[in-house]
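J.: Each chain, written out:
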Amino acid sequence: MQKIAYKKDISGCAVSGILNTNGKKINGGYIIRSIANMHDRSNGLGGGFAAYGIYPSYKEYYAFHLMFDDLNARERCEEFLDKNFLIEKDEDIPTRKINTTADPPILRRYFLEPREEKLNKISEDDFVIREVMKINSDIEGSYVLSSGKNMGAFKAVGFPEDVGNFYRLEEYKAETWIAHGRFPTNTPGWWGGAHPFALLDYSIVHNGEISSYGINKRYLEMFGYRCTLLTDTEVVAYLFDLLVRRHKLPMKIACKALAPPFWDEIDRMPEKEKKVMKTIRTVYGSSLVNGPFSIILGFKDGMLALNDRIKLRPLIAATKKDFLMVSSEEAGIREICKEPDKIWSPKAGEPVIGLIGKGVVEEG
Amino acid sequence: MLTLCKGEFSVERDDDRCIRCLVCVRQCPFDVHKYDEEEDRIYSDESKCVGCQRCATLCPTDAITIRYEPMEMKENANWKTYHLTNIYKQAETGGVLLTGMGNDKPYPIYWDHILLNASQVTNPSIDPLREPMELRTYLGRKPDLLDIEDGDELILKTEISPQLKLELPVMFSAMSYGAISLNAVKSLARAAAIAGTYYNTGEGGLHKDLYKYGKNTIVQCASGRFGISPDYLNAGSAIEIKIGQGAKPGIGGHLPGEKVLEEISETRMIAEGTDALSPAPHHDIYSIEDLRQLIFALKETTAYEKPVGVKIAAVHNSAAISSGMVRAGADFIVLDGLRGGTGAAPLVTRDNVGIPIELALASVDQRLREEGIRNKTSLIVAGGIRSSSDVIKAIALGADAVYIGTAALVALGCHLCQKCYTGKCAWGIATQDPYLTKRLNPEIGTRRLVNLLKAWSNEMKELIGGMGINAIESLRGNRLQLRGVGLTDTEYRILGILPAGE
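Protein chains in written order, with the numbering used here: chain A, 768 to 1131; chain B, 217 to 718.
Keep in mind that the hints were calculated from the coordinates and are not lab data.
Check each hint, because a few of them may be wrong.
Unchecked claim - In the EDC-like style, the derived pairs of lysine to aspartate or glutamate whose C-alpha atoms are separated by at most 20 Å in a straight line are:
#1 A:Lys1039 to B:Glu288
#2 A:Lys1042 to B:Glu375
#3 A:Lys1125 to B:Asp368
#4 A:Lys1039 to B:Asp366
#5 A:Lys1015 to B:Asp368
#6 A:Lys1041 to B:Asp363
#7 A:Lys1019 to B:Glu365
#8 A:Lys1042 to B:Glu369
#9 B:Lys428 to B:Asp447
#10 B:Lys381 to A:Glu1040
#11 B:Lys321 to B:Glu288
#12 A:Lys1041 to B:Asp368
#13 B:Lys381 to A:Asp1034
#14 B:Lys381 to A:Asp905
#15 B:Lys431 to A:Asp1034
Only a predicted model underlies this, so the values are computations on that prediction, with no experimental measurement involved.
Turn these sequences into a full structure, and let the hints guide you.
T.: Shown next, in the form of structure tokens:
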């Protein structure tokens, strides 16, 4: 039965994100304070962060954050990596011992370049995705936590502030940070199941449950994605990968596929816009993400936040000079920025998009 | 020859209630009731009764009860009354036994082994009385991806194939003018127009009074090619090539000559009184590549402005056939299952050929996904859809929409007596006798059908809202919303669903 349907994860959550649209680096301490201020939205069964611009000296290499259950898994996975990639550098991910994270797995990072001979007929990015899927589904006990360039995901079982402390995130500086505190209700805490979920340059944190998971997953399978991480969040990440990277849709259009306007609204739109929206819904119906969600997507150029089409989960956005902040609750913003220039509640299904070098291009 | 068959029904008349109004005498097209003036008494010849319940329904004093009382033989697990009566009839006539409507044998009905999900706590259910709930569906071929250019305004560079817009994922199945009366077809056409969906002409051509409903019409092209002309093909919004039908896979349509009166002869372009027997195969389609030629011939005739689909009966290798049809250019595929209805079919075929629609649907949807071509076609299923919950289950298994035939006729008054092939339908539906057809007022018929669709539509909104879904496309193929009860591992595997409790 496993082949038919993974029992998907159900969870409530806190999300938070900070971006500096001029690319100035932000210390990890801020995002920890923001997510920690929404402590009650998590239950200690998962927390995580993603940071962009943290490996400037290795920015040409795919930075793989890997988690191994045991030495055996590490050995098998390293053999696999060596066969397919040139390993520029590998090291333990620095952590500090804290009381609240019991029994951590082996955490390593690798800076990789795909082997030239492996790349005939396939783009570098597609190759990397394929290898990530192989590791996650075929190499027992090995999980790729993130695989993008100049970025990384840090996640664990625990409250998010403890996870941040464990990974020594105050030692990192990034232009974009996203964070997550998890409140799973039916699955035991599992390190790989924590957010963010990351693939190539995309990382995603998600508060919600996807009622359309069954069809989103089958739709993605048609394009070769394999959903293995027991969480519906990976579905959202794959949808962005498919729509934006592979189908080359503008990001705000991808958001319209995930959270489209209602037919009533489309019927009232001016002719040209109506045609575009109608076509998107008709063609991308299976990528509609139905059910409550607020998500924050980090990518190399910036950050995006989006609610489901009837806003069944909270999401607040704020700006202060060249900073864009998004959070589940206003408390997550006020904790790090007492007086924002502007603070607002983005509309259902309307994305907030901040881009480095371009500012806040969509306000939601 | 003396018949050895006893009638199947008993007619009980409460003489204290009977006021001798003679409604039953006039209403029965099978001449069951006879009035004896001298005795002032009504006699009933039970052997002729088909159990259509027309007299019992219309009797103003509720004096008549019709009971199913088949010949009761000594108990025998092998030789059932069904077999004995069939043998008697064949011994008396030497003929192929005919019947009407769909398979009534107790093969498994998988809809009744499938249960739906609902949201609790972690995921809010959505209230259709307070929130928008969308059933709109577009049928037709979809591209893999869209090319959209971003700038000051969005420019859509992909032109997509013509689509059919349905306000709810339910259409009326192919039922030809000839098999059913013009009043019945008019009711279907008008109801489709009001409800924002489509009805299907079947293979009987298009009566001149029906061209005005073209926007809500799917015209059929079957092996008999009755009534087909460029005008006909261009009259509807889509064309459906009929290869097969769930009630009688492997054979063509049958319209007994009794039903071929003047207007039908004109519409079908055949002589009055001749049996309209469609050939079993299309004589220009002996292979998949031939099908492709017909699909494109029809697309050429209609300037590529209308979707062209193909309907097949659900049979053992439907999945492979469907894959071939998509590659041959079918913009939509119709699968008609074992329990699909008909106006006339050989009993032996109807009762023994084909497979249940639930299994065919599940395997076709899965196969097209494995081949990465599911989006290139729309999948419509038909054959025994009885309720809004059947529709919802079909969509969750992977259908884009369903066709209803029998359910629509029941809404018009059909009581499933299965005697459509006699042309004597007491309800004025499956008949051309003017005395009978006027019993179905198309205004009222339209209202009954619109009411049915409205009721189903409201029920479907309740069901998907309960799952926390507010657009039907999020249910389509979403088998995680389904759980099975009382099935075997093999059936779970084919249906692609989990057992309840998992």
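J.: With reference to the structure, classify each hint as holding or not holding.
T.: For each hint, the structure was consulted:
1. A:Lys1039 to B:Glu288: Given pair A:Lys1039, B:Glu288 is violated - Cα atoms ~70 Å apart, limit 20 Å.
2. A:Lys1042 to B:Glu375: Judged against 20 Å, a Cα distance of about 10 Å means the pair holds.
3. A:Lys1125 to B:Asp368: holds (15 Å)
4. A:Lys1039 to B:Asp366: holds (14 Å)
5. A:Lys1015 to B:Asp368: holds (17 Å)
6. A:Lys1041 to B:Asp363: holds (16 Å)
7. A:Lys1019 to B:Glu365: holds (12 Å)
8. A:Lys1042 to B:Glu369: holds (13 Å)
9. B:Lys428 to B:Asp447: With Cα atoms ~12 Å apart, B:Lys428 and B:Asp447 stay inside 20 Å; holds.
10. B:Lys381 to A:Glu1040: With Cα atoms ~18 Å apart, B:Lys381 and A:Glu1040 stay inside 20 Å; holds.
11. B:Lys321 to B:Glu288: This hinted pair holds, its Cα atoms lying about 19 Å apart.
12. A:Lys1041 to B:Asp368: Satisfied, since the Cα-Cα distance of roughly 16 Å is no more than 20 Å.
13. B:Lys381 to A:Asp1034: holds (13 Å)
14. B:Lys381 to A:Asp905: violated (43 Å)
15. B:Lys431 to A:Asp1034: Within the cut-off at roughly 19 Å; holds.
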